[in-house]
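Here is how the chains run, residue by residue.
There are 2 protein chains.
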Amino acid sequence: MSLNFCFIGAGNLATQLSQALKNKGYEINQVYSRSEKSGKKLAETLSTRFVTSAKEITKDAGIYFVALKDSAFEEVLSQIDFDNKLVVHCSGSLPLSVLRSYSENTGVLYPLQTFSKDRKVEFRKIPLFVESGNESNLKLLLKIAGEISDSVSVADSEKRKMLHISAVFACNFVNYFYTIASDILKSGNIQFEVLKPLILETALKVQEIEPEKAQTGPAVRFDKNIIDSHLKFLDENSEYGQLYRLISKHIFERYKK
Amino acid sequence: MSLNFCFIGAGNLATQLSQALKNKGYEINQVYSRSEKSGKKLAETLSTRFVTSAKEITKDAGIYFVALKDSAFEEVLSQIDFDNKLVVHCSGSLPLSVLRSYSENTGVLYPLQTFSKDRKVEFRKIPLFVESGNESNLKLLLKIAGEISDSVSVADSEKRKMLHISAVFACNFVNYFYTIASDILKSGNIQFEVLKPLILETALKVQEIEPEKAQTGPAVRFDKNIIDSHLKFLDENSEYGQLYRLISKHIFERYKK
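Chains A and B, in that order, give the protein sequences.
24 is the number that the working numbering gives to position 24 of the first sequence; each next residue is one higher, with no gaps.
248 is the number that the working numbering gives to position 248 of the second sequence; each next residue is one higher, with no gaps.
The shape of chain A in the complex, shown without the other chains (with noise of 0.2 angstroms):
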């Protein structure tokens, strides 16, 4: 049998996904997004058809791949009749048993990345996590996973979560630190683009030293003149005074041990 899937939703994470094991030469053979333009959209680059009725869900897919929000999930899922066939979410917080009621075969497939419109990451390099309640559910998901990725763990639904709040901070929470940083910067007049090598050697340094050795700043150095500095400057000008005051905090609390 000649495995086919259908794709519940049809953004970001879901376009990288499907174009993936489409590239490992499976079928996808619909895609469900509430938005006509993006499941259209997505549905063209994989040669398949698209609905925008969860109603209209084909029955005939052999693994149904849920790429919702997250608070998106019971008002779609409900009405689709999945006649006990595998189906899969991939979200980082959301337990297994969320698709209990929806059908006996269940898993998660979950890819511990972030992903954006019109930038395309390398599938292969993705930490892949799975999970499921059924032996054989978990071995076929196993198999998916490691055709796309190189790095593929089981992973249950405590430790998923684990894995997305770090992530929520290596990430989501990084990335608004980038846009404070564009804050402060645009307060003098200074180009954004200036900060790019260091953005980047920040990152890459954690690629080879544990970020815990890699620590450098006023906090790491328990400079108080330049703290000082820094806060009266942010409490003057800004609304990121706390933030700074609180972190700087944490980081002095760690080191001076």
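The set of hints was computed from the structure by calculation and includes no laboratory data.
All values derive from a computational prediction rather than experimental measurement.
All the given hints hold, so there is nothing to weed out.
When chains are identical, the list treats them as one kind, so a pair holds in a single copy or across two.
Distance condition first, Cα-Cα at most 27 angstroms in a straight line; then the derived BS3-like pairs of lysine-lysine: (1) Lys125 - Lys196; (2) Lys224 - Lys186; (3) Lys120 - Lys213; (4) Lys196 - Lys120; (5) Lys117 - Lys196; (6) Lys59 - Lys41; (7) Lys186 - Lys257; (8) Lys257 - Lys37; (9) Lys40 - Lys213; (10) Lys249 - Lys232; (11) Lys69 - Lys22; (12) Lys59 - Lys139; (13) Lys125 - Lys213; (14) Lys224 - Lys117; (15) Lys24 - Lys196; (16) Lys213 - Lys196; (17) Lys117 - Lys257; (18) Lys22 - Lys55; (19) Lys256 - Lys117; (20) Lys117 - Lys41; (21) Lys232 - Lys69; (22) Lys159 - Lys213; (23) Lys143 - Lys196.
Here the structure of chain A is known, so what remains is to put chain B in place on it, guided by the hints.
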């Protein structure tokens, strides 16, 4: 007259800056370091002499580069007779005026980068910011900086402080968040390795896309269920709940507009 330099300080920044200058043919005729080990090591790579007493610092250098911890400036510099030669510091947040009492010729050359032991960075790509109160000194610094970097700008002390504060967020605090992520993974016995592709992609993304537009994650999606489940885990297992709460609130406030 061929210019020669004395390096006061032999840390990571002094090491990389002095080597970049030597590679352009400048002579470094002395290194000062309080630490015998660091002084000796740097002097060897530069084929020059080193001293560990500030009183033995040469009077024969054309320019003195001060790359000390900010807190060590006063103690070390007050012992040196610069004979009004050009004295240049490399600090982000100290104003040019801190050098006023030591020489009539002063300047700043600030590289916007993070320097660590045993990690070579490509000096040509580091943005350098120079300042001097005197036109001919400024010209000289611009010339020298232009020989070792493709990105040289003039920045006064106020502008340089903004650069430094933005670097604290985009580098020092970011690195601390990598450490937090590593802590969370450790609590689940997960290798930091799995986060490396995400960390790199997050930094690569903002080389092309404005960080404000690159924001992803539960906070920008207003995903209250996920945020609450993360906070429950962090409050029960770590000291990071308060930080997660505060930053999520910041992100929420910014993007709800």
